[in-house]
Amino acid sequence: MEKIFGKTKGLTDVPFHYCPGCTHGIIHRLIGEVMEELDIIGKTIGVAPVGCAGFSLDFFSCDFVGAAHGRAQAVGTGIKRAQPDKLVFTYQGDGDIAAIGTAHAIHVAARGEKITSIMVNNAVFGMTGGQMAPTTLAGQITTTSPYGRDPGLVGAPVDLPKTIATLNGAVYVAAVAVDSPKNIMQAKKALKRAFQVQQLGLGFAFVSILSTCPTNWGLSPVDSLAWLRENMLPVYQMGELKVPEEVKRL
Amino acid sequence: MKKKLIKGNEAIAEAAIKAGCKLFFGYPITPSTEIVEYLSKHLPKAGGTLLQGEDEIASINMCYGAACTGARVMTASSSPGYSLKQEGLSYLAAAELPVVVVNINRTGPGLGGLGPCQSDYFQCTKGGGHGDYRLLVLAPSKGQEMYDYTLAAFDLADKYRNPVLILADGFLGQMMEPIVLKDRPDAELPVKDWVTDGCLGRAKRKIASYSLTNEIGEQNNLYWEGKYQAIREQEQRWEEFRTDDADYLIAAYGTCARIAKTVVLQARARGIKLGLVRPITLWPFPEKAFAPYRGKVKGVLTVELNTGQMIEDVRLALECSVPVSLHRRLGGMLPHEDEVLAALIQQFNIPLDREV
Ligand SMILES: Cc1ncc(C[n+]2csc(CCOP(=O)(O)OP(=O)(O)O)c2C)c(N)n1
Ligand code: SF4
Numbered sequence: 001m002e003k004i005f006g007k008t009k010g011l012t013d014v015p016f017h018y019c020p021g022c023t024h025g026i027i028h029r030l031i032g033e034v035m036e037e038l039d040i041i042g043k044t045i046g047v048a049p050v051g052c053a054g055f056s057l058d059f060f061s062c063d064f065v066g067a068a069h070g071r072a073q074a075v076g077t078g079i080k081r082a083q084p085d086k087l088v089f090t091y092q093g094d095g096d097i098a099a100i101g102t103a104h105a106i107h108v109a110a111r112g113e114k115i116t117s118i119m120v121n122n123a124v125f126g127m128t129g130g131q132m133a134p135t136t137l138a139g140q141i142t143t144t145s146p147y148g149r150d151p152g153l154v155g156a157p158v159d160l161p162k163t164i165a166t167l168n169g170a171v172y173v174a175a176v177a178v179d180s181p182k183n184i185m186q187a188k189k190a191l192k193r194a195f196q197v198q199q200l201g202l203g204f205a206f207v208s209i210l211s212t213c214p215t216n217w218g219l220s221p222v223d224s225l226a227w228l229r230e231n232m233l234p235v236y237q238m239g240e241l242k243v244p245e246e247v248k249r250l
Numbered sequence: 001m002k003k004k005l006i007k008g009n010e011a012i013a014e015a016a017i018k019a020g021c022k023l024f025f026g027y028p029i030t031p032s033t034e035i036v037e038y039l040s041k042h043l044p045k046a047g048g049t050l051l052q053g054e055d056e057i058a059s060i061n062m063c064y065g066a067a068c069t070g071a072r073v074m075t076a077s078s079s080p081g082y083s084l085k086q087e088g089l090s091y092l093a094a095a096e097l098p099v100v101v102v103n104i105n106r107t108g109p110g111l112g113g114l115g116p117c118q119s120d121y122f123q124c125t126k127g128g129g130h131g132d133y134r135l136l137v138l139a140p141s142k143g144q145e146m147y148d149y150t151l152a153a154f155d156l157a158d159k160y161r162n163p164v165l166i167l168a169d170g171f172l173g174q175m176m177e178p179i180v181l182k183d184r185p186d187a188e189l190p191v192k193d194w195v196t197d198g199c200l201g202r203a204k205r206k207i208a209s210y211s212l213t214n215e216i217g218e219q220n221n222l223y224w225e226g227k228y229q230a231i232r233e234q235e236q237r238w239e240e241f242r243t244d245d246a247d248y249l250i251a252a253y254g255t256c257a258r259i260a261k262t263v264v265l266q267a268r269a270r271g272i273k274l275g276l277v278r279p280i281t282l283w284p285f286p287e288k289a290f291a292p293y294r295g296k297v298k299g300v301l302t303v304e305l306n307t308g309q310m311i312e313d314v315r316l317a318l319e320c321s322v323p324v325s326l327h328r329r330l331g332g333m334l335p336h337e338d339e340v341l342a343a344l345i346q347q348f349n350i351p352l353d354r355e356v
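Protein chains in written order, with UniProt numbering: chain A, 1 to 250; chain B, 1 to 356.
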């Protein structure tokens, strides 16, 4: 029988540890496919965060480094400055990049650091048990916003791609979701472009991906996808916020 | 060989270039700033890269990333900045990454002041960051040693795959002295067959510090303990001055050791047999230097620019077999030689053979 679909070479055979229905796995697969298609596995170094994606260093087949909470982009900067001919990407949760790592998120973009950062936004701190993140929606109940997030007290959700897009060094910024086949295909395109921007040495590339956390949202995997669609998509600006001409032509 | 009149901080920066340091990540803070300034000017010309990070946390983590690729890398700061680097240092130690870090100690706590101070001793020698880890800590006492120990620090970092710290005070950082700009000695160093620089043609590698199970966690801690024990055995360094027939000792490092040398000569002129033990490595603390004096001398005076921090290690090294006492100045003040001698005489009730 002819094989028409298989595991990407960008991923190892280590089984994912993510909860059932968690979309971290889909995003991993997309990045693995992009690395395989661009033929860059051997020259890519990934940086893992703290959070649910902390073990991602076992799952991708490229070299990987585990950073401290929020520091992945500073670590990525060090790797890239030491090895400018390699591709460097950070894979971070919204808590990792938009809470503790905010300073690095801003400055890596301001410097136009030639790395690719991927933010997986599930609107909570997943690993520590569903606490409020800067990305938590207004009214959303979490373990540290048990009465629902009150923007009057703790501020409205942070739309990081919008902020990053205002910085000159950020040349590619996209906000995508992995809730439907169509959106998954768009997410893959964005991820590919984010790596191509780096290959061309144009500057900083950032992809924010809306993702689910069925465990901490207390919803089934299918209901989680619906919740993402109904509640997150209207709040966050979606699409390619910034695309360089060079990449559009590719 | 070329001799140059430069600041202690510049000596460190110049030595880093000579040692083959290819990347420096820093954030300015007095009295260490000349290091980042000097390297901004000279490292790119030597084929290296300098990047001013957004803060000390970024800088130490940039070092972490660069070290993962096998490059020689350094960062430098002063006390409040060093505090911020502690998070990264714990991770560097756990990931076994060779990085050279400089702390030109200023006064504290808090924002403190800019004067010479040794109040970061605990922070620098007892961990500081979380977890059970150790850094090699080298303490120069003059400009030439700022240069020489920096050369050595890069080799030690590679040899043990561990961060190495140069700890000096603002006085040493700022003072200009003639310095011989030696080349790095040829030393056999282990091959870096662990780096993450792209897996083309080999199996993938990873560098991380997380232990998935308590069993692995314990194994890791035991492994590191073994490494730290080997460093303890092999790397204790110190200098002794006029200790052969000493009745009394001064224990002092850095700037205080410099002052103490004059005190030793002055004491001897007054008939007091005084010697100096100067720790060069503050971790591993040179217990071997003090061991022969256990129960043998009448008293040991530690001279420190803090309220008494190294004194604890001196007492431990002497196993409390002789009286150990402290003379200190604080907040950026330096002790005068006469004052130290007077403290020695008074604290140990030393009878004077002759007046000078
Ligand atoms: C300095 C520090 N503070 C706090 C933590 C605890 N912690 C671990 S993961 C995490 C949040 C991660 O959330 P996110 O980045 O959104 O990733 P997710 O788990 O949702 O994928 C926190 C606060 C830590 N490990 N280190
Ligand atoms: S806790 Fe949430 S984000 Fe983490 S693996 Fe489980 S579902 Fe995914």
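The hints are simulated quantities; they were obtained by calculation from the structure and are not laboratory data. Even glycine gets a Cβ: it sits at the ideal position worked out from N, Cα and C. Careful, some of the hints might be misleading.
What the hints assert, rightly or not - For lysine-lysine, the following BS3-like pairs were computed, each having C-alpha atoms within a straight-line distance of at most 27 Å:
hint, chain 1, residue 1, chain 2, residue 2
1, B, Lys206, B, Lys182
2, A, Lys242, A, Lys162
3, B, Lys192, A, Lys192
4, A, Lys9, B, Lys298
5, A, Lys192, A, Lys242
6, B, Lys204, A, Lys43
7, B, Lys298, A, Lys7
8, B, Lys4, B, Lys206
9, B, Lys298, A, Lys43
10, A, Lys7, A, Lys189
11, A, Lys188, B, Lys298
12, A, Lys43, B, Lys273
13, A, Lys9, B, Lys182
14, A, Lys189, B, Lys204
15, B, Lys206, A, Lys7
16, A, Lys192, B, Lys273
17, B, Lys204, A, Lys188
18, A, Lys248, A, Lys189
Said to hold, decoys possible - Per the computed footprint, the stretches of chain A lying under chain B, defined by three or more beta-carbons under 8 Å from a beta-carbon of chain B, are:
hint, region
19, 203 to 216
20, 226 to 237
Claimed, not checked - Derived list of chain B stretches under chain A, where covered just means 3 residues or more per stretch with a C-beta under 8 Å from a C-beta of chain A:
hint, region
21, 147 to 156
22, 172 to 180
Right, here's what the structure says about each hint:
1. Lys206/B to Lys182/B: Distance ~36 Å between Lys206/B and Lys182/B Cα, so the pair is violated.
2. Lys242/A to Lys162/A: holds (10 Å)
3. Lys192/B to Lys192/A: Answer violated: Lys192/B to Lys192/A is near 32 Å, above 27 Å.
4. Lys9/A to Lys298/B: violated (72 Å)
5. Lys192/A to Lys242/A: holds (14 Å)
6. Lys204/B to Lys43/A: holds (11 Å)
7. Lys298/B to Lys7/A: violated (75 Å)
8. Lys4/B to Lys206/B: It is violated: about 43 Å lies between the C-alpha atoms, which goes past 27 Å.
9. Lys298/B to Lys43/A: Violated, at roughly 64 Å.
10. Lys7/A to Lys189/A: holds (19 Å)
11. Lys188/A to Lys298/B: With Cα atoms ~76 Å apart, Lys188/A and Lys298/B exceed 27 Å; violated.
12. Lys43/A to Lys273/B: Violated: Lys43/A and Lys273/B sit about 65 Å apart, past 27 Å.
13. Lys9/A to Lys182/B: Violated, at about 50 Å.
14. Lys189/A to Lys204/B: holds (26 Å)
15. Lys206/B to Lys7/A: holds (21 Å)
16. Lys192/A to Lys273/B: Status violated; Cα separation ~75 Å.
17. Lys204/B to Lys188/A: holds (24 Å)
18. Lys248/A to Lys189/A: holds (11 Å)
19. 203 to 216: Result for this restraint: violated, n = 0.
20. 226 to 237: Violated, because only 0 residues of the region 226 to 237 of chain A bring their Cβ atoms closer than 8 Å to Cβ atoms of chain B.
21. 147 to 156: violated (count 0)
22. 172 to 180: Violated - the region 172 to 180 of chain B has 0 residues with a Cβ nearer than 8 Å to chain A, which falls short of three.
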